[in-house]
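Asks: Given chain G, put chain D in place with the hints provided.
Residues per chain are reported as follows:
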Amino acid sequence: MKKLASLLLALSLVLSLGVCALADEGGIAPEDLKIGMVCIGDNNSGYDIAHITGLETAMEAVGVPMENVTYKYNIGEDETAADACYDLAESGCQIIFTDSYGHQSYTQQVASEYPDIQFCAMTGDQAALAGLDNLSNAFNHTFESRYVSGVVAGMKLAELIDNYELLDENYDDEGNVKIGYVGAFNFAEVVSGYTAFYLGIRSVVENVHMDVRYTNSWYDPIGEGEAANALMADGCVIIGQHADSTGAPSAVQAAYENGQTVYCVGYNIDMQSVAPDTALTSAGNDWSKFYTFALQCMIDGEDIPHDWSAGYSEGANFIFDLNEAVVPEGTAEKVEEVEAAIADGSLQVFDCSTFTVEGEHPTSFLAIDLDGDFVGDEGEAIRDGVFYESDPELRSAPYFSLRIDGITELG
Amino acid sequence: MNRHEPLIHIAKRDSIAWWQAWLVRLGAVVLALLTSALFIYALTRLNPVKVYGAMWEGAFGTPRRAWITARDTSILLCIGVGLAPAFMMRFWNVGAEGQVLMGGCATAAVLIYCGRSLSTPALLGLGLAASLMAGALWGIVPAVFKAKWNTNETLFTLMMNYIAIQLTCFFVTKWENPKGSNTVGIINQKTQAGWFPDLAGQQYLLNVIIVLTVTVCMFLYLKYTKQGYEISVVGQSENTARYAGISVRRVIVRTMAISGAVCGLSGFIAVAGASHTVSTSTAGGRGFTAIIVAWMSKFNTFVMILIALLLVFLEKGAIQIASQFHLNDYASNVVEGIILFFLLGSEFFIQYSVRFRSRRSEKEAEA
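In order, the protein sequence lines correspond to chains G and D.
FYI, the numbering for the first sequence is 1 to 411, going by the working numbering.
FYI, the numbering for the second sequence is 1 to 367, going by the working numbering.
Pulled out of the complex, with its shape left as it was, chain G reads as follows (with noise of 0.2 Å):
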């Protein structure tokens, strides 16, 4: 009798481990797994096409059939972004894509509720702090491309000092020449953006000087086009910009075309359409590659990582195509050379030796606020003499809010 009671609970533990590890491994097969994406805008917003159309290659690599996908359009960023998730999570989806910042707190009530569906709330910075299994956030390195495209603007503003191009106004007292960047808003995102594109400008011409104006809006067309108009009729050659619409090209090429010297480079749209003889180039994120490991993730019964992030080296991050009939000769080259550098990694962009904050080479930095006050807490991101941006280990969202010698914030 109790050799029976032993096998049988023997039996038991056995089984019920067995079933532990079916769990455990319980992947997707593609045709089963459904899929939910919350968007802010539809079709019509370049942001939301960058991630829709990511999504959508990214079901087709790991051969998700495209009606497994629910889309939720124009949701706001408040109880609505909560609604949609509540309802794709209860018509079945497993996981769930939210694709702007300020979904990210209504992604998190909802996952807190759904164990079992992985919730990513893209562009988010919350999911490490969260305490949640299920929930994940995801950023590009976007610092990346930007310092390729400013590699690009540096290449043309040699070829216009050597030409002897410019004029005295677009140099300042100490001899540098001025370039400018419009912003959204002062947050690390484009801190580190501008950053990075300043840097590539400097990686070939060493004298410049940027200026940052912010527009405090995403998008805001009108107020774009004057944040350019003011940087340029302070004498900036080039003008960068991280803000979403195409008001700053516009005023660029407005400004050529009155005979002004002046270049741009855009951000997640080719700027091309609306300033022929002035775009250089943009910077561009391909989300299908968090898409895409998300996806497989779901389909090998893997867990996502709280924060997920990657740039050249995984191909998340590109430039669009050069203006040939503007950048120099040898441009294309160059960026190849830059590009396969960041890939493998012996170019680091935030490299602390290229760059002071008030005369010094910063030797550490802590990347994570717990308490909001804008100062950071804990998570050394400075390592051997490099700032290490979006590191999975820390953020996948920006940290990286140094302000840099060579650049002044005119607000």
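Simulated from the structure, these hints should not be mistaken for lab results.
Please read all numbers here as calculations on a predicted model, not as lab measurements.
The beta carbon of each residue, even a glycine, is placed where N, CA and C say it ideally should be.
Be careful, since some hints might not be right.
What the hints assert, rightly or not - Non-contacting residues of chain D with respect to chain G, defined by C-beta distances greater than 12 Å in every case (computed):
#1 H9
#2 Y243
#3 A322
#4 G337
To be verified - Far from chain G, some chain D residues (derived; all Cβ distances over 10 Å):
#5 V30
#6 L128
#7 R242
#8 V253
#9 F348
#10 Q351
To be verified - Among the chain D residues that face chain G by a calculated CB cut under 10 Å, a handful are:
#11 P178
#12 T282
#13 S297
Replies: Relative to chain G, chain D alone:
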């Protein structure tokens, strides 16, 4: 004398039986649906019946969807009910948007600043009081100017909206969480302090109960109380009101305080009972949509339930057909526009009778 009778003769009806009026409205809805069906088919080649089915699914397809529809209907209804007394007084309060936002901001302030020190019932009580006062204040200011200096209330209340929107943006920046996100985030997400409690397991049941209570009370107030009577007299003719010894100024200010307070209450429900955050989308244009609700129901608060439900149904249906058929917002906006056009247009046929020149009268004219 020329006895030629025009082809169409339009005359104001003396009266119309209630069932006839509703028959006209029903006919309008049916015609609107047919027209929209033609539109849908012509542009998208989709089966209109399936599209309507999807809209129904979107609004009522699951218990959660039905509750969300109920939640949004009750907020829209509450604003409409708030507008009713002002409109009955012929005071064109187009400032509901701002009154809702101020109520929402007041509630959010209570939840944020007292969230750690007070219990949920105390927070709700305080939030309710604060939102009523904030909404009332936003209603009283234009009313006082109207009563004292006869300023144009339409412009004044409209301007108050912009002040409220800017103030809301200011508070969002002040309270933003996490810093730099430009949103307030979910207030008290971990503790849920100051959130409406679930009733009978339903998250939004309390919202519905509060709004239905307000709806009934407002109906009784307008129809059976002395103050309600004063409002309709002032609305009909200020001179008559004065002659009857009614203090017009006092009625204007008092009524707008009530109107603003009920709109502020909607802000309270929207923040503490639905979104648990505050932004300009707390009102999100509902202050203006509610004007349609109040007008189409002729200030009858019970009819408002139907109209508010219809509008929210169309909105939820729109989201569903966008996601199911990849028709974007504009397609459903057209359907919504067609339905509203027919419904508003049907009022004409209720007010007026249209007669075509009959053959007999033609013959009589010839003879």
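Asks: Compare the structure with each hint and give your call.
Replies: Tested hints:
With a least beta-carbon separation of about 47 Å from chain G, H9/D lies farther than 12 Å from that chain, consistent with its non-interface assignment. The claim that Y243/D lies off the interface holds: its Cβ sits roughly 50 Å from the closest Cβ of chain G, which is beyond the 12 Å cut-off. The claim that A322/D is not at the interface with chain G is violated, since a C-beta of that chain comes within 12 Å of its own (minimum 5 Å). The Cβ of G337/D sits about 17 Å from the closest Cβ of chain G, beyond the 12 Å cut-off, so the non-interface label holds.
No Cβ of chain G approaches the Cβ of V30/D within 10 Å, the least distance being about 29 Å, so the stated non-interface status holds. Look at L128/D: its CB is around 19 Å from the nearest CB on chain G, clear of 10 Å, so calling it non-interface holds up. Consistency note on R242/D: stated as away from chain G, and its beta-carbon is indeed over 10 Å from all of that chain's, at 46 Å minimum. Look at V253/D: its CB is around 34 Å from the nearest CB on chain G, clear of 10 Å, so calling it non-interface holds up.
The claim that F348/D lies off the interface holds: its Cβ sits roughly 33 Å from the closest Cβ of chain G, which is beyond the 10 Å cut-off. Distance check for Q351/D against chain G: the nearest CB is about 37 Å away, which clears 10 Å, and the non-interface claim stands. The criterion of a C-beta within 10 Å of any C-beta in chain G is met by P178/D, whose closest approach is roughly 5 Å, and the hint holds. Against a cut-off of 10 Å between C-beta atoms, the interface hint on T282/D holds, since the closest Cβ of chain G lies about 8 Å away.
Among the interface hints, the one on S297/D is violated; its C-beta lies about 26 Å from the nearest C-beta in chain G, farther than the 10 Å criterion.
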